[in-house]
Structures are given as C-alpha cells and as structure tokens.
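**Q** Residues per chain, in single letters:
Number of protein chains: 2
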Amino acid sequence: MRWHFIARIIGILLIFLGLSMIAPLLISLHYHDLARDSFIRSMGITMVAGLILIILSKKLRSDNYINQKEGMATVALAWTAIGIFGALPFYFAPEFTNFIDAFFESVSGFTTTGSSVMTNIEGAAKSLLFWRSLIQWLGGMGIIVLSLAILPFLGVGGIQLYKAEVPSPVPDKLTPRLSDSAKILWVLYGVFTLIEIIFLLGGGMPLFEATCHALTTMPTGGFSPKNASIAQYNSAYFDYVIVLFMILAGINFSLHYQMLRGKTLAFWEDTECRFFLGLIIVLTLLVTWDIYGSVYTSIKDAFRFASFQVVSILTTTGFATTDYEKFPGLSQVILFICMFIGASAGSTGGGMKCARIIACYKYCYRELFKIIHPRSINHVKINNMVIPDEVLRSIMGFLALYVGLFVLSSILLAAMGVDMMTAFGAVAACIGNIGPGFGSVGPTENFAQLPIMGKWLLALCMLIGRLEIYTVIILFVPEFWKK
Amino acid sequence: MRWHFIARIIGILLIFLGLSMIAPLLISLHYHDLARDSFIRSMGITMVAGLILIILSKKLRSDNYINQKEGMATVALAWTAIGIFGALPFYFAPEFTNFIDAFFESVSGFTTTGSSVMTNIEGAAKSLLFWRSLIQWLGGMGIIVLSLAILPFLGVGGIQLYKAEVPSPVPDKLTPRLSDSAKILWVLYGVFTLIEIIFLLGGGMPLFEATCHALTTMPTGGFSPKNASIAQYNSAYFDYVIVLFMILAGINFSLHYQMLRGKTLAFWEDTECRFFLGLIIVLTLLVTWDIYGSVYTSIKDAFRFASFQVVSILTTTGFATTDYEKFPGLSQVILFICMFIGASAGSTGGGMKCARIIACYKYCYRELFKIIHPRSINHVKINNMVIPDEVLRSIMGFLALYVGLFVLSSILLAAMGVDMMTAFGAVAACIGNIGPGFGSVGPTENFAQLPIMGKWLLALCMLIGRLEIYTVIILFVPEFWKK
Chain A
7 MRWHFIARII GILLIFLGLS MIAPLLISLH YHDLARDSFI RSMGITMVAG
57 LILIILSKKL RSDNYINQKE GMATVALAWT AIGIFGALPF YFAPEFTNFI
107 DAFFESVSGF TTTGSSVMTN IEGAAKSLLF WRSLIQWLGG MGIIVLSLAI
157 LPFLGVGGIQ LYKAEVPSPV PDKLTPRLSD SAKILWVLYG VFTLIEIIFL
207 LGGGMPLFEA TCHALTTMPT GGFSPKNASI AQYNSAYFDY VIVLFMILAG
257 INFSLHYQML RGKTLAFWED TECRFFLGLI IVLTLLVTWD IYGSVYTSIK
307 DAFRFASFQV VSILTTTGFA TTDYEKFPGL SQVILFICMF IGASAGSTGG
357 GMKCARIIAC YKYCYRELFK IIHPRSINHV KINNMVIPDE VLRSIMGFLA
407 LYVGLFVLSS ILLAAMGVDM MTAFGAVAAC IGNIGPGFGS VGPTENFAQL
457 PIMGKWLLAL CMLIGRLEIY TVIILFVPEF WKK
Chain B
7 MRWHFIARII GILLIFLGLS MIAPLLISLH YHDLARDSFI RSMGITMVAG
57 LILIILSKKL RSDNYINQKE GMATVALAWT AIGIFGALPF YFAPEFTNFI
107 DAFFESVSGF TTTGSSVMTN IEGAAKSLLF WRSLIQWLGG MGIIVLSLAI
157 LPFLGVGGIQ LYKAEVPSPV PDKLTPRLSD SAKILWVLYG VFTLIEIIFL
207 LGGGMPLFEA TCHALTTMPT GGFSPKNASI AQYNSAYFDY VIVLFMILAG
257 INFSLHYQML RGKTLAFWED TECRFFLGLI IVLTLLVTWD IYGSVYTSIK
307 DAFRFASFQV VSILTTTGFA TTDYEKFPGL SQVILFICMF IGASAGSTGG
357 GMKCARIIAC YKYCYRELFK IIHPRSINHV KINNMVIPDE VLRSIMGFLA
407 LYVGLFVLSS ILLAAMGVDM MTAFGAVAAC IGNIGPGFGS VGPTENFAQL
457 PIMGKWLLAL CMLIGRLEIY TVIILFVPEF WKK
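These protein sequences, in sequence, are chains A and B.
When we follow this note's numbering, the leftmost residue of the first sequence carries the number 7, and every step to the right adds one.
When we follow this note's numbering, the leftmost residue of the second sequence carries the number 7, and every step to the right adds one.
Just to be clear, a hint being listed does not mean it is correct.
Each pair may be met inside one copy or between any two copies, as identical chains are not told apart.
Stated by the list, open to error - Straight-line distance between alpha carbons at most 20 Å, and here's what the computed EDC-like set of lysine to aspartate or glutamate pairs gives:
#	residue 1	residue 2
1	Lys132	Asp43
2	Lys232	Glu128
3	Lys376	Glu76
4	Lys376	Glu396
5	Lys232	Glu451
6	Lys332	Asp425
7	Lys376	Glu485
8	Lys488	Glu396
9	Lys368	Glu485
10	Lys232	Asp39
11	Lys387	Glu485
12	Lys189	Glu396
13	Lys376	Asp43
14	Lys368	Asp39
15	Lys269	Asp43
16	Lys64	Asp395
17	Lys64	Glu76
18	Lys376	Asp395
19	Lys368	Asp395
20	Lys368	Glu275
21	Lys488	Glu128
22	Lys488	Asp39
23	Lys368	Glu396
Honestly, the hints are just simulated from the structure, not real lab data.
Whenever a hint applies, use it, and build me the whole structure from the sequences.
**A** What follows is the structure, given as structure tokens:
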C-alpha cells in the first residue's frame with residue numbers, strides 16, 4: 007500500500023472541496039446570512055489540510071498506475087475524508103450543535119442519500135441549504151466517475167459487467183488524471199441540471215429553490231430547502247418535471263451519451279433500462295389502483311402522487327410529495343421493496359441496482375433449468391452478451407452482502423432502542439441511499455431523534471451502500487492488509 | 007412422465023392417510039364428541055379415492071426406479087393431495103364453515119407450519135384437535151424422509167450437500183419401498199415424542215394435552231389444543247421441557263442417529279449444529295438483555311421467555327408463551343430475522359436452514375478473498391469437506407428464490423387489502439413453516455380474518471417452503487413439461 011499516493015489524491019480532492027465552498031460563501035454574502043464565518047473557517051481548514059497532504063506526499067507521475075488494493079483504499083478513505091471536511095460548514099453553523107449531526111448531514115449529502123437531521127430547514131441560513139444541495143450534486147459527479155470508470159477497473163460487485171457494455175466512455179486504465187470520457191458525462195450531468203432549473207423556473211419556482219432542487223434531483227439526492235420537500239408547492243407541474251428528471255437520473259449515463267451520439271433506440275435496446283422503465287410503469291399503476299379511492303378521490307391525483315413516490319423511491323432520490331406511510335398496505339409494501347431494488351447501474355441512483363436484479367433472476371432460472379437438464383451448459387445473457395460466471399458469482403455475493411448488511415445493521419440499530427419498523431426503514435433507506443424510510447424516519451419525519459451511535463452506524467451504512475459494499479467491507483477483511 | 011407411477015404412490019399414501027383417521031375416530035368415540043361422523047365420512051372418501059388410484063394405476067415393480075422429474079412431480083402432488091384429503095375431517099366438522107379454512111388448517115398441519123384459522127380452539131371437538139396434532143406429526147415423518155432421502159436424490163436446493171455428509175442412513179437410489187434407514191430415523195422420531203409425553207405428564211399435564219403437544223413439538227409444528235398455546239400453563243417446567251425438545255427437533259436427525267451409534271461428539275463436530283446451537287445461545291442472551299427491565303422484572307423470567315420465543319421461532323415451531331409483539335425493537339427484529347434463518351437441514355424445521363446461511367457466508371467471504379487474490383483458487387468447505395461449485399450455485403439460487411417468493415407473495419397478500427407488517431409477517435411465517443407472524447397474525451392472533459384468496463396464497467407458500475422451493479416452482483417452468 008503506497009500511502010503517499012492515497013494521501014496525494016485525497017489532498018487534491020480536499021483542495022477542490024475547499025474551492026467549492028466559495029459558492030455558498032458568495033450566497034452567504036448575498037443574503038447576509040449567519041453562515042459566512044462558518045464557510046470561511048471551513049474553507050481554511052479544508053484547504054490547509056489538503057495542502058499539508060499534498061506537501062507531505064510524493065508527486066504522482068503519469069506512469070504510476072494505482073493498483074487495485076490502493077484503488078479500493080483510496081475510494082473508501084476519500085469518501086470518508088470528504089464527508090468529514092464537508093461537515094465543517096454544518097458544524098460551525100449555529101443550526102448544528104454537535105459533530106455527529108454535521109457529519110451525518112454531510113455524508114448523507116455526498117453519498118446522495120438525503121436523510122436529514124435538520125428539523126427546521128426553512129429557518130436555516132440559505133447558504134447552508136445551498137451547501138447541502140451542492141454536496142449532493144458534487145457527490146453525484148463522484149458517483150458517475152466511480153461507477154463508470156473506477157469500479158469497473160477495481161472489478162467490484164459485478165459492476166465490471168458494464169465495462170464491456172459501455173463501448174466508449176470507460177477507460178481501461180485508471181490514471182491519476184480523470185479520463186476525458188468521464189468529463190463528457192459530467193457535462194451531460196451539468197446540462198441536465200441546467201435544463202431542470204429552467205423548467206422549474208418556468209413553472210414559477212424562485213431561482214434559489216429551483217437551483218437547490220435541480221442540484222439534488224440529478225444526483226438522486228433528495229435534499230430540499232423546504233421542510234415539506236416538494237409537497238410544499240402542491241403543483242402537478244413541478245411534480246411531473248421532477249419525476250421526469252428523477253427518471254433521467256436513474257438511467258445509466260452511458261445510455262444518455264449513446265442517445266446523444268445518435269443511437270436513438272439506446273434506452274429500448276438496453277435490458278436494464280427496459281426493466282427499469284417497465285418497473286416504474288407497472289408499480290405506478292399498482293400504487294395508483296391502491297390509493298385511488300382509499301386516499302385520493304380523483305384518479306389524476308392518485309396517478310400523480312403514485313408516480314412521484316414510486317419514482318422518488320425507486321431512483322433512490324427521496325423527495326416527498328405526500329406521506330406514503332398513510333397509504334394502504336400494497337403501496338407501502340411496494341415502496342419498501344423499491345428501496346432495495348434501486349435504479350440502474352451507471353446512474354447516480356443507489357440500491358441493489360436493476361441490472362443485478364435481472365442477473366439474479368436469470369441466475370435462478372438457470373438453476374431451475376439445470377435441474378431439468380442436468381447436463382446442459384447454458385449461459386446467462388444480458389443485452390445478448392454472455393455474463394461470465396465470475397461476474398455472476400460476484401453479483402450474487404453482492405446481493406447476499408447487501409441483505410447481510412441490512413440484517414446486521416437493523417439488529418444493531420434496534421439494539422440502540424429503536425423500534426422494528428424504524429430500524430428496518432432507516433437502514434434500508436441509508437444502505438440504498440434513498441433518504442426517508444419507514445416508521446419514525448418516514449417522509450414527514452427526519453433522523454434527528456435517533457441515538458448518536460445510530461447516526462454513526464447509518465452514516466457508515468450510507469458510505470458502504472454508496473461504494474458498492476465490497477469496496478468498504480474489504481477493508482475489514484484481515485487478508486486485505488497482509489504483506 | 008409416467009403418471010400411473012405417481013397415481014399409485016399417491017393412492018398408497020391416501021390409504022395410509024385414511025387408516026390414520028382411525029386414531030382420532032377412536033378418540034371421538036371415547037369422548038363422545040361431535041366429530042365422529044366427520045371422521046367416518048372422511049375416512050371413507052379418502053380410502054375410496056386411494057383405492058381408485060391404485061386400481062387404475064399399474065403395479066410398481068422393484069426395478070422400476072422413478073426418475074428425477076417424476077420424483078419432483080410426485081412430491082409436490084402427493085403433498086397437495088394429502089393436504090386436500092386431510093382437510094376433510096375439518097370440512098365436515100361443524101367448527102369449519104368453508105373448504106378453504108379446512109384446507110388451510112390441513113396444509114398448515116402437514117407442512118408442520120402451525121398457522122391456524124381456528125378462533126375457538128378449546129371449544130372444538132377433542133378428536134379434531136387430536137387430528138390437528140397428528141397431521142403435524144405425520145407431516146414431520148414425511149419431512150424426515152423427504153429431506154434425508156428423497157431431496158438428496160432429486161438434487162434440489164443444495165440439499166445434496168448432506169448426501170455425502172450423512173454416511174449411513176441415506177440410500178443411493180429411491181426405491182418405491184421406503185428405505186430401512188428412513189425407518190430407523192422414524193423410530194428415533196417416535197421415541198423422542200414418547201419421551202416428551204412422559205416428561206410433560208411428569209409435570210402434571212393431562213395425557214391428552216401432553217400427547218397433542220409432543221406430537222406437534224417433534225415436527226416443529228406448533229399446533230396446540232389450547233387457545234393460549236403453552237402460555238396457558240405458565241409453568242417454567244413445561245417451557246423448558248418444550249424448549250429442549252424443540253432444539254432436538256431442530257437438529258439434523260442423522261446427527262441423533264450418529265450419537266446413538268456412539269459418536270458422542272457428533273453435535274460438536276458438525277458445523278451446522280454448532281452454528282445452530284450457538285445462534286440459540288447468542289440470540290437468547292440478546293433478547294434476555296432486551297426484555298429484562300422493559301418487560302420482565304426478574305432476570306429468570308426474562309431468560310425463560312427469551313429462550314422460549316427464540317427457540318420456538320428459530321426451530322420454526324411457533325409455540326407461544328407470550329406476545330412477542332409487545333417486546334422492544336431489538337427482540338422483534340431478532341425474531342423476525344429468525345423466521346428466515348430456520349433450523350438445521352435434515353431436521354423437521356423449516357426456513358432457509360442454517361447450513362445454507364453458513365454456505366452463503368462462506369461464499370461471500372470467498373468473493374472478498376477473490377478480489378484481494380484474483381488468481382487464487384479456493385474452495386468453500388463445511389465440515390472439512392469441499393462443497394462443489396454447483397452445490398453452492400444451487401444454494402445461492404435457493405436463497406434468492408426464497409427472498410423472491412417472499413417479496414412476490416407479500417405484494418400479492420398486500421394487494422388483497424392486508425397491511426404491510428401483517429403481509430410481511432404472514433408470508434415469512436408461512437414460507438418458513440413457522441406459524442405465528444407479525445402484525446394481525448401475531449402469536450396471540452390467528453389467520454382467520456385474512457381474505458379467502460390470501461389463505462389460498464399462504465397455503466401455497468407453506469407447500470413451496472416445505473418442499474424446498476425448487477420442487478414446486480419447477481412445476482411452473484414450461485421447460486419441465488416439454489417432451
């Protein structure tokens with residue numbers, strides 16, 4: 007393990023993080039709010055820490071490739087470091103009284119989870135609310151490069167599946183410099199964000215709120231500068247605009263790239279995308295049927311709220327336009343299960359990812375087929391490509407680890423005195439990077455009242471979930487540190 | 007598919023089923039209760055149906071081995087047929103008003119689940135209560151031969167793992183005659199039942215109740231002739247006696263056989279048994295810690311109730327001595343998770359089975375190890391024996407199908423208007439063959455109020471869970487019926 011490499015990368019990231027604090031600082035100056043000093047201090051500490059790391063570490067040469075182990079350690083440590091330093095503006099602000107709350111909010115931001123411990127959001131400094139949105143947006147950028155460039159290189163969790171599938175924008179070697187193809191996807195991400203801002207402004211949403219919401223839609227984050235989230239506006243226009251952009255954010259970004267390059271049927275030709283969009287349609291219709299009559303008297307309203315909740319949870323965004331805990335059983339069961347399924351691989355969404363669900367289904371079918379024809383050799387195919395057995399093994403391992411992590415974390419959280427439904431809901435929402443859960447962390451409540459140890463645990467869950475589990479868990483395997 | 011073979015086997019089983027109705031008939035005559043005619047009619051119909059099947063089908067010769075496909079179809083159809091004919095005594099009795107309730111109770115019995123739709127148990131005819139217990143006991147006999155002789159031959163769900171592990175009492179070929187080794191295990195099963203009856207009598211339980219409880223403990227069934235189940239007696243002695251026999255029932259029966267043949271360390275040398283017993287100890291201590299102070303003021307009571315609920319759910323028996331839904335979050339989370347884990351493979355218990363959980367854990371560890379040492383070849387070992395990759399694949403497929411079945415059935419049940427917690431709890435309890443669930447099917451409630459379609463669904467879940475999923479699901483794969 008060449009620690010100086012890792013230190014240098016983290017140092018560079020911290021410099022960028024410090025620089026990104028200029029944006030909320032300007033907003034603070036504009037609104038004359040109380041967070042100005044908080045940002046100045048945070049920026050100073052972050053930049054100095056970054057500089058120290060850079061000075062102490064050696065220069066990276068372009069022929070110094072990072073190896074797989076170092077890559078994993080870098081990803082996990084970088085995300086943690088950014089969570090810590092990104093928490094400083096919260097910690098120094100009067101709205102926060104202790105570090106764990108600030109850290110929770112920061113990690114929830116950078117992992118694009120969107121679970122919050124802030125109880126009076128509208129009372130907080132505007133610059134702080136902007137920072138909350140910005141870190142989700144930056145987190146989303148991190149995930150795009152992570153899921154389309156870094157993780158395929160590290161061979162983690164069956165995600166290497168996408169290495170072959172995505173023809174152009176994935177580099178074969180992870181160089182210390184970010185590849186050009188990642189930059190193309192970032193431009194796409196930025197353009198989508200901009201278009202959403204324009205759409206929201208067009209509907210009459212104030213510029214500040216439109217920006218904040220767009221910054222948290224595209225990374226499927228879900229932080230809102232409003233206590234009531236999107237429910238605040240009670241507008242069908244805003245609901246559908248946000249549904250549209252949540253769906254776009256939940257699709258593999260390389261498909262957007264293919265679309266732009268003229269492959270108009272890219273969405274349809276991709277098995278995962280078909281599954282993802284099909285799931286949205288089927289589940290929306292089921293929830294509409296379930297809540298029409300029992301909760302909403304008009305079919306239009308039922309469809310509007312059904313589509314929003316399904317898309318918000320399935321894409322792991324976590325915006326709310328209503329309290330789904332007041333829905334009948336079927337809708338609740340569907341939303342709870344959506345928390346585990348998640349969006350597409352290669353998108354900014356979390357959860358298990360549709361591609362893995364598809365692979366798992368085909369894996370099971372093959373097992374049944376093998377019982378009928380024991381001597382048959384048949385491969386699992388997705389998009390007409392054979393999935394190698396080691397990738398399938400990795401995917402099944404991922405799914406098992408996901409469930410195992412869910413079970414273990416739920417037990418730990420419940421051991422801290424949290425009731426069963428809240429424990430299951432909070433852990434599912436944090437590992438899947440969704441935001442709101444069930445029980446006392448539902449869409450109209452927040453995570454503030456959870457025990458301190460529980461917040462640490464859930465912050466860890468967000469990180470593990472965001473980094474595709476293997477990347478973090480492997481650091482706890484003694485074998486990893488040998489020799 | 008040689009249907010006449012299958013018909014003959016089912017015919018023979020129906021004759022035995024009809025003969026077994028003599029026992030409750032005698033009890034009915036002894037107590038002069040109202041179920042006498044019900045048993046006479048049921049016996050008549052069942053025997054006639056059995057005879058017709060035998061007459062219409064060809065004679066089985068000892069050289070006519072059943073093939074794998076026929077074996078699967080036989081297992082699934084036989085269990086269903088027995089469920090239907092075993093329901094007749096309930097259907098004809100005044101306590102039941104419709105066939106689905108009778109069928110639900112019968113399937114719940116034969117699959118050793120123990121979920122009940124009877125709301126006034128103590129008001130029912132004693133012979134009917136005895137029948138309820140007897141069918142669980144007979145179901146347990148079926149499971150012993152199924153899990154130790156039939157399924158290994160069919161190669162289902164990674165259970166073939168035990169083929170190699172169990173040296174003596176597993177035959178290599180499934181002949182139309184039951185193997186002698188299965189008979190040895192049945193004797194063991196009978197002796198355990200007898201000893202439990204003696205223990206319960208020794209504590210002052212009336213003979214009828216002692217017999218009923220022993221008949222439902224050994225198959226990890228959980229039907230009780232008392233409305234309040236074991237809570238009725240409020241006796242530490244009965245609680246601990248039943249805990250002991252539930253544990254014995256949850257251990258692989260071939261280990262009991264090995265013990266009797268002088269291998270005194272058999273329990274300790276078996277990885278699964280160590281895991282199973284260790285889990286009971288750890289979870290009992292956790293639940294004791296959780297309910298001591300919050301529910302019980304004495305540590306003795308806390309331990310007694312904790313051990314009973316943990317053992318009852320983990321072994322998938324389902325007896326109740328208290329309402330665990332009034333326990334704090336940790337205990338509830340633990341018990342909910344126990345519903346999925348289940349007892350040992352080769353025992354009468356249900357659920358996923360400890361052996362598969364161990365295999366899954368080792369599978370995940372191997373995946374992590376592979377990331378660290380990509381070129382390493384390392385095998386998953388249990389009991390110092392290498393588990394072949396195809397067995398591991400089968401186990402992972404089983405676990406995925408189990409979860410998939412749980413998810414799908416929960417959605418269907420919720421679509422019938424059942425709330426989320428009840429849907430999750432009822433489905434988990436039925437697939438795992440446990441008995442009580444959560445929500446409105448908790449340990450102090452029952453399944454009577456569920457919608458009719460929900461009862462059919464749950465009865466199907468019991469059958470699928472009991473027959474190790476693959477055996478039933480495969481009948482729905484079109485490929486199975488080709489050629």
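**Q** Decide, hint by hint, whether the structure agrees.
**A** The hints, checked one at a time:
Taking the closest pair of Cα atoms, Lys132 and Asp43 come within 20 Å of each other only inside a single copy of the chain (14 Å); across copies the shortest separation is 80 Å, beyond that limit. For a Cα distance limit of 20 Å, the shortest separation of Lys232 from Glu128 inside one copy, 6 Å, qualifies, whereas the shortest one across copies, 57 Å, does not. With identical chains, the CA atoms of Lys376 and Glu76 are at most 20 Å apart between copies only, with a shortest distance of 16 Å across copies and 40 Å within one. In this assembly of identical chains, the alpha carbons of Lys376 and Glu396 lie at most 20 Å apart whether taken from the same copy (18 Å) or from different copies (10 Å).
Only within a single protomer do Lys232 and Glu451 lie at most 20 Å apart by alpha-carbon distance; the minimum there is 13 Å, versus 43 Å between protomers. Taking identical chains as interchangeable, the C-alpha atoms of Lys332 and Asp425 lie at most 20 Å apart whether they share a chain (18 Å) or sit on different chains (11 Å). In the homo-oligomer, the alpha carbons of Lys376 and Glu485 lie at most 20 Å apart only across protomers (11 Å), although the nearest pairing inside one protomer, at 35 Å, exceeds that limit. When the C-alpha separation of Lys488 and Glu396 is checked against a cutoff of 20 Å, the pair qualifies neither within a copy, at 24 Å, nor between copies, at 31 Å.
For the identical chains of this complex, Lys368 and Glu485 are inter-copy neighbours only, at 15 Å across copies versus 32 Å inside a copy, given an alpha-carbon limit of 20 Å. Taking the shortest alpha-carbon separations for Lys232 and Asp39, only the intra-copy value of 17 Å comes in at or below 20 Å, while the best inter-copy value is 68 Å. Within a single copy, Lys387 and Glu485 get their C-alpha atoms only as close as 33 Å, which misses the 20 Å cut-off; across copies the closest is 18 Å, which meets it. Proximity of Lys189 to Glu396 under the C-alpha cut-off of 20 Å is found in neither arrangement, the shortest distances being 30 Å within a copy and 43 Å between copies.
With identical chains, the CA atoms of Lys376 and Asp43 are never at most 20 Å apart, being 66 Å at best within one copy and 49 Å at best between copies. Taking CA atoms no more than 20 Å apart as the test, Lys368 paired with Asp39 passes in neither setting, with 55 Å inside one copy and 55 Å between copies. In this homomeric assembly, Lys269 and Asp43 never come within 20 Å of each other (Cα to Cα): the closest approach is 50 Å inside a single copy and 74 Å across copies. Taking the closest pair of Cα atoms, Lys64 and Asp395 never come within 20 Å of each other, the shortest separation being 40 Å inside a single copy and 45 Å across copies.
Only within a single protomer do Lys64 and Glu76 lie at most 20 Å apart by alpha-carbon distance; the minimum there is 15 Å, versus 69 Å between protomers. Within a single copy, Lys376 and Asp395 get their C-alpha atoms as close as 15 Å, and across copies as close as 13 Å, so both meet the 20 Å cut-off. Taking CA atoms no more than 20 Å apart as the test, Lys368 paired with Asp395 passes in both settings, with 12 Å inside one copy and 18 Å between copies. In the homo-oligomer, the alpha carbons of Lys368 and Glu275 lie at most 20 Å apart inside one protomer (18 Å), although the nearest pairing across protomers, at 37 Å, exceeds that limit.
In this assembly of identical chains, the alpha carbons of Lys488 and Glu128 never lie at most 20 Å apart, being 50 Å within a copy and 64 Å across copies at closest. Proximity of Lys488 and Asp39 under a CA criterion of 20 Å is satisfied in neither setting, with 51 Å inside one chain copy and 73 Å between copies. Proximity of Lys368 to Glu396 under the C-alpha cut-off of 20 Å is found in both arrangements, the shortest distances being 15 Å within a copy and 16 Å between copies.
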